[in-house]
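K.L.:
Now for the letters of each chain:
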Amino acid sequence: MNIAVCVKQVPDTETKIKITDDKKWIKEDEINFILNPYDELGVEEGLKLKETNGAEVTIISLGPERISSTIRSALAMGADKAIMIKTDKNPLDPAVTAAALAEVLKDGNYDIIFTGKQAIDDDHAQIAALLSEILNIPAITVITKLEINGTKVTAHRQIEGGFEKIECELPLIISAQKGLNEPRYASLKGIMTAKRIPIDEKKLNLLQDRIDILEISYPPQKPPGRIIGQGPEAVPELIRLLREEAKIIS
Amino acid sequence: MSKILVFAEQRGGELKKIALENLTLARELAANIKCELVTVLIGHNVTPITDKLALYGAQQISVYQNENLTLYNSQGYATVLAQAIKDHMANIVLLGATAMGKDLAPRIAAKLNASLATDSTSIAWQDGELKIIRPMYAGKVRTTIHLKSDIKIITVRPNVYLAQENPVTAQISETTAKPTDFNAVVSEIITGAKDKLDVTEADIIVSGGRGLKGPENFHLIEKLAKKMGAAQGASRAVVDAGWRPYEEQVGQTGKTVSPSLYIAVGISGAIQHLAGMSSSKYIVAINKDPEAPIFKIADYGIVGDAFEVVPKMIESL
Numbered sequence: 141m142n143i144a145v146c147v148k149q150v151p152d153t154e155t156k157i158k159i160t161d162d163k164k165w166i167k168e169d170e171i172n173f174i175l176n177p178y179d180e181l182g183v184e185e186g187l188k189l190k191e192t193n194g195a196e197v198t199i200i201s202l203g204p205e206r207i208s209s210t211i212r213s214a215l216a217m218g219a220d221k222a223i224m225i226k227t228d229k230n231p232l233d234p235a236v237t238a239a240a241l242a243e244v245l246k247d248g249n250y251d252i253i254f255t256g257k258q259a260i261d262d263d264h265a266q267i268a269a270l271l272s273e274i275l276n277i278p279a280i281t282v283i284t285k286l287e288i289n290g291t292k293v294t295a296h297r298q299i300e301g302g303f304e305k306i307e308c309e310l311p312l313i314i315s316a317q318k319g320l321n322e323p324r325y326a327s328l329k330g331i332m333t334a335k336r337i338p339i340d341e342k343k344l345n346l347l348q349d350r351i352d353i354l355e356i357s358y359p360p361q362k363p364p365g366r367i368i369g370q371g372p373e374a375v376p377e378l379i380r381l382l383r384e385e386a387k388i389i390s
Numbered sequence: 004m005s006k007i008l009v010f011a012e013q014r015g016g017e018l019k020k021i022a023l024e025n026l027t028l029a030r031e032l033a034a035n036i037k038c039e040l041v042t043v044l045i046g047h048n049v050t051p052i053t054d055k056l057a058l059y060g061a062q063q064i065s066v067y068q069n070e071n072l073t074l075y076n077s078q079g080y081a082t083v084l085a086q087a088i089k090d091h092m093a094n095i096v097l098l099g100a101t102a103m104g105k106d107l108a109p110r111i112a113a114k115l116n117a118s119l120a121t122d123s124t125s126i127a128w129q130d131g132e133l134k135i136i137r138p139m140y141a142g143k144v145r146t147t148i149h150l151k152s153d154i155k156i157i158t159v160r161p162n163v164y165l166a167q168e169n170p171v172t173a174q175i176s177e178t179t180a181k182p183t184d185f186n187a188v189v190s191e192i193i194t195g196a197k198d199k200l201d202v203t204e205a206d207i208i209v210s211g212g213r214g215l216k217g218p219e220n221f222h223l224i225e226k227l228a229k230k231m232g233a234a235q236g237a238s239r240a241v242v243d244a245g246w247r248p249y250e251e252q253v254g255q256t257g258k259t260v261s262p263s264l265y266i267a268v269g270i271s272g273a274i275q276h277l278a279g280m281s282s283s284k285y286i287v288a289i290n291k292d293p294e295a296p297i298f299k300i301a302d303y304g305i306v307g308d309a310f311e312v313v314p315k316m317i318e319s320l
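Sequences listed follow chains A and F, in order. First residue of the first sequence? That's 141 in the working numbering, and the numbers climb one at a time after it. First residue of the second sequence? That's 4 in the working numbering, and the numbers climb one at a time after it.
Among the hints, a few may not be true.
Claimed, not checked - Rough simulated footprint, nothing fancy, chain A against chain F, three-plus residues with beta-carbon under 8 angstroms:
1) 30 to 43
2) 55 to 62
3) 85 to 98
4) 167 to 178
5) 211 to 220
6) 255 to 269
7) 303 to 309
No lab work stands behind these hints: they were computed from the structure. All residues carry an ideal CB built from backbone N, CA and C; glycine is no exception.
Generate coordinates for the entire structure from the input sequences, incorporating the hints supplied.
P.N.:
In structure tokens form, the structure reads like this:
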């Protein structure tokens, strides 16, 4: 099998996001960058298929120089190859990212392409479905379970209050959701091996963003928190406030 | 001249609440610039639900039906919706930021060479342009954006706009959608407990965290949620520990929610959790530790033991 996993470098979840002075972007200097947690699920699923069916797993990522550390973390988990689409910065428009990824993916003859269900930085959640349209390969998004039998695929897609069971044939694009697997930690050996794998760097002409960011702002400040009491004795007051002030319960 | 198209999401012949919320929003947007508005319904045997759309102000409803479209199918629905947008020459398209809407929107954006704003929380006209606000980093910041393509596609977060009735007599046009061969099909829908609400759709959420000490104590959360007609949520810590299923997780690597009321029980309020729920209209926090960060954003905080406070709440409600 030939597997590609599209990954993105993102600020870790503990990051306190700070906005730049021109309010057009965020300050990137004090950020600890990680492999997007949903993409990590894609890497793990690719590696599981490698172990059970035999496969070559290629990591593909787009972004500035700094993303090479994230590509290395994915390689350290056990992936075989890596392609880096080097850009000056991350595009604002996921359509631009998808077009560039598709440019690399189209010649790769991949049986399965994994992405995460969304990147936890810009939260667009578009790449898998966009790739599907560009590459004309079916995409099943937000997957919590994947079974492959020859070229037959059964997947569980999470919806509100349940799952859709979806049947499909390879080749296929999958966007991974939490629950699909438990990503492994890179072993020391993996980290050492990853250091020796060359990253294939590509430069592409990107499309124009069709999203304009006018301003980035912090969410409206909530009024300072209010403690209404201690222990179960405070419950009647809570219920009164929910009824009379918030008017949420009757 | 602009024309707004609202995709009225239904599953199993039942309209999703977001369809009515988006219809209300679209009426407001259309009134402001006096543009046309069409509501599109896709499925099979779905004509009966046009009544409800008319109750919420859908004057022009366009129904696309085919037996193949009984269950949601990415390829089928995307093809039909893209066709509907062309048929109606719509240039603003509203969908819900739901499982279906999130899957569908990028596909139609690609088909129509349109740009897309997902999970938007505010859409308004400003100087003749649509100004859209969408959160990033699960709500740690928000971006105000313009979409620069001719056709603009927007998915709107559920629970942000309030659906308002406005009864009208609807003009309904019915089209038989062309059958297509699908390369991926939904063979079955597996639902959890019927009375279990999803956190993204709920008006009230009761969430539990590590303060509950073990998976065996979550019956307290369940009971309180049931009593309040609420969905059950969880912090990342308890999901990672395997106490609760991941579909309940609220926060940056879980679900971002904006209910009217969010009750956090035994949740200290890690930054990634706060990002996912701080846009809730009212927040109640119950925690033993008066220094817990959750109290900084709680409208009503009770410092106390969940094992004493929650039973008292269940009893008093």
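K.L.:
Compare the structure with each hint and give your call.
P.N.:
Hint check:
1. A count of 0 residues in the stretch 30 to 43 of chain F with a Cβ less than 8 angstroms from any Cβ of chain A is obtained; the coverage claim is therefore unmet, three being the minimum.
2. Taking a C-beta to C-beta cut-off of 8 angstroms, the stretch 55 to 62 of chain F contributes 0 residues in contact with chain A, too few for the three needed, and the coverage statement is violated.
3. Residue count for the stretch 85 to 98 of chain F with a Cβ under 8 angstroms from a Cβ of chain A: 0. That is fewer than the three needed, and the coverage hint is violated.
4. A stretch counts as covered by a chain when three or more of its residues have a beta carbon under 8 angstroms from one of that chain; for the stretch 167 to 178 of chain F and chain A the count is 0, and the coverage is violated.
5. Residues of the stretch 211 to 220 of chain F lying with their CB closer than 8 angstroms to a CB of chain A number 0, which falls below the three-residue condition for coverage.
6. As drawn, the stretch 255 to 269 of chain F meets chain A at 6 residues by the rule of a beta-carbon pair under 8 angstroms; at three or more, the given contact holds.
7. Against chain A, the stretch 303 to 309 of chain F contributes 6 residues with a C-beta closer than 8 angstroms to a partner C-beta. That satisfies the three-residue criterion, and the hint holds.
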